[in-house]
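Engineer: Sequence:
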Amino acid sequence: MSDSCCAGPAREAGSDSPSGWQEGWRTIAAGTAATAWLVGIVAGISDADTAADVAFVVAVVAGGLTFVPSSLRALRGGRVGVGLLMTIAGAGALVLGQLGEAAALAFLFSVSEALEDWAVTRARRGLRAVLELVPETTLVRRDGVVAEVATDDVRTGEVIVLRAGARLVTDGLVSEGQSVLDVSAVTGESIPVECTAGDRVVAGSINGGGQLDIIATAAPADSTLARIVHTVEEAQEHKSNAQRLADRVARPLVPGIMVLAAAIAFVGSVVGDPDVWIERALVVLVAAAPCALAISVPVTTFAAIGAATRTGTVIKGGAALEALARVRVVAFDKTGTLTRNRPVVVDVATNGTSRDTVLGLAAALEANSDHPLAAAITAAGHPTGPASDVQTIAGAGITGQVGDHDVRLGSPRFVPGGPLDTEVARMMESGATVVIVERDRTPIGAIAVRDELRPEVPTIIESLHRLGIHTTMLTGDHRATAVAIARAAGIDDVRAELLPDDKQTAITELRSRAAVAMVGDGINDAPALATADVGIAMGALGSDVAVEAADIAIMGDQLTHLPALVGHARRTRRIMVQNLVLSGLIIAALVPIAAVGMLGLGTVVAVHEGAEILVIANAMRARSNPERPAARPIRNRDQSELAHAHA
1 MSDSCCAGPA REAGSDSPSG WQEGWRTIAA GTAATAWLVG IVAGISDADT
51 AADVAFVVAV VAGGLTFVPS SLRALRGGRV GVGLLMTIAG AGALVLGQLG
101 EAAALAFLFS VSEALEDWAV TRARRGLRAV LELVPETTLV RRDGVVAEVA
151 TDDVRTGEVI VLRAGARLVT DGLVSEGQSV LDVSAVTGES IPVECTAGDR
201 VVAGSINGGG QLDIIATAAP ADSTLARIVH TVEEAQEHKS NAQRLADRVA
251 RPLVPGIMVL AAAIAFVGSV VGDPDVWIER ALVVLVAAAP CALAISVPVT
301 TFAAIGAATR TGTVIKGGAA LEALARVRVV AFDKTGTLTR NRPVVVDVAT
351 NGTSRDTVLG LAAALEANSD HPLAAAITAA GHPTGPASDV QTIAGAGITG
401 QVGDHDVRLG SPRFVPGGPL DTEVARMMES GATVVIVERD RTPIGAIAVR
451 DELRPEVPTI IESLHRLGIH TTMLTGDHRA TAVAIARAAG IDDVRAELLP
501 DDKQTAITEL RSRAAVAMVG DGINDAPALA TADVGIAMGA LGSDVAVEAA
551 DIAIMGDQLT HLPALVGHAR RTRRIMVQNL VLSGLIIAAL VPIAAVGMLG
601 LGTVVAVHEG AEILVIANAM RARSNPERPA ARPIRNRDQS ELAHAHA
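Per my numbering, residue 1 is the first one in the sequence shown, and the count goes up by one each step.
Label-pair restraints from in silico Cβ distances: (1) 501 - 159: 17 to 27 Å; (2) 252 - 571: 25 to 35 Å; (3) 258 - 152: 47 to 57 Å; (4) 137 - 35: 49 to 59 Å; (5) 69 - 509: 36 to 46 Å; (6) 369 - 624: 47 to 57 Å; (7) 514 - 624: 22 to 32 Å; (8) 147 - 306: 49 to 59 Å.
These are computed hints drawn from the structure, not numbers from a lab.
From the three backbone atoms N, C-alpha and C, an ideal C-beta is built for every residue, glycine too.
Could you put together the complete structure from these sequences and hints?
Structural biologist: Structure below.
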């Protein structure tokens with residue numbers, strides 16, 4: 001169990017998660033305690049009493065080392081919890097001569113703590129890998145001379161020279177040049193954006209065209225990428241101190257039991273035989289030892305996490321599972337999550353020329369281009385012939401010769417649409433990127449390219465709505481594109497043109513009304529993933545940083561089992577509550593009976609062991625796999641709505 005209130009071994013209040021070597025040491029100690037206890041049981045059955053006692057002592061020492069020292073330190077700091085109660089109960093068992101019971105208490109609690117530590121510890125090695133996106137050196141113009149300097153030496157106001165293929169080391173303002181930038185790593189926008197003098201650009205963007213002069217508006221340490229790292233770390237630290245379900249149950253239970261035992265010993269000693277009543281108080285402490293309570297959450301958690309893992313979902317601990325059970329809002333990133341992140345041609349408008357001719361001429365010019373739109377166009381059409389004299393105009397388009405014709409294609413800013421302007425406006429309103437094809441100075445067609453919705457998404461959204469979950473989209477894409485995708489998916493709440501900080505702000509605002517899950521796959525989603533009550537990352541196609549910041553990672557590239565995963569989390573939480581109630585009822589029944597002397601220590605131990613078996617058996621019900629709902633293929637009506645939806 002977590003120790004935000006229990007002050008056990010794993011984490012003391014205000015501390016970070018345990019380091020790797022600490023967690024490894026506790027796991028070894030818990031394993032040693034469990035093994036020694038089993039050896040002691042076997043030796044006792046075989047009448048090898050000395051060997052049994054030695055084994056039990058080893059179990060007490062090994063198990064106790066994992067929680068007794070930290071419990072005593074917590075007591076000095078004014079914090080009491082299950083760890084302290086287990087310490088006193090173990091000591092009481094030793095005083096009463098029940099070495100085997102003391103060993104059982106030590107090993108059970110140490111194992112439960114080791115299991116929970118393993119489940120909730122989040123590796124953060126990949127988080128700072130985001131900063132590796134920034135090259136170690138960059139080109140700057142100083143005194144009219146271009147020089148290569150260390151990235152850390154770049155100063156605000158300095159002119160950065162960004163050549164084709166280079167990655168920008170900090171945020172800035174374009175002062176000269178025209179190009180296209182791949183900003184997908186930072187904003188999530190799937191299609192490269194055009195930029196020219198006066199446009200703002202962010203760190204991590206890759207120059208896909210002509211050379212740019214960029215005035216740095218922030219030092220690299222204060223750039224957008226650096227802020228992403230900082231905000232993810234802050235959000236994770238905040239969440240690491242959140243209370244767990246078992247903690248809330250244990251908070252009033254632990255001090256109450258301690259006060260009760262002390263009162264029994266004191267009052268009984270005043271009115272009767274002190275030896276009898278002190279022994280009875282120790283029996284009460286053992287009766288109240290929350291062994292079943294201590295293992296109820298970790299065992300259920302591991303059963304549920306194991307079941308989810310078999311469906312390709314990695315859940316980073318019980319806290320994530322509990323948070324998912326409470327979720328009432330799911331926010332989705334668009335690119336790579338709801339869409340495939342593979343732009344395709346969705347529409348072609350022509351002006352007295354066949355569709356095949358328009359696509360063929362465009363494919364001829366784009367045949368050797370590495371632009372993302374080029375792949376979509378060449379996949380949709382076959383070149384009408386080889387192109388010659390092909391020239392790429394950065395941030396604008398391509399010109400060339402195909403047969404006897406001069407052909408030009410590019411954005412509406414570069415190639416006027418003329419008679420196609422109405423169709424171009426319709427395409428752009430539907431969220432598509434438009435490329436106009438011109439032959440011999442006459443526009444003959446417009447090609448709409450868009451990153452399309454995954455076919456299973458409408459079914460997923462519909463299933464979430466049936467579970468009473470509201471859905472929203474958070475994306476860095478243009479609003480028209482976002483609205484078109486959201487409408488086809490069945491999502492009503494759309495928030496577009498967001499930077500990473502904006503996504504985090506949106507999640508914070510949503511959390512003020514209900515528990516929120518964020519689903520994303522990119523670096524730009526990391527702050528939102530970390531800020532949400534539960535972050536869900538697309539693992540196979542997602543960035544390491546997104547997976548690192550999230551609480552749950554879906555290792556495939558589909559979300560088909562997300563609704564079932566929510567149902568699985570809700571069922572698991574019900575099982576946790578059942579186990580906690582069962583454990584609490586047993587303690588509530590044993591304590592008063594033991595207090596009046598009707599139960600001996602042996603009976604109390606037997607009841608505890610039976611309770612633990614019941615709790616474990618109930619927890620194993622969480623091992624059933626979350627069912628994957630069948631994905632409904634997107635209907636023709638959906639495709640039509642997607643192609644023609646207007647903002």
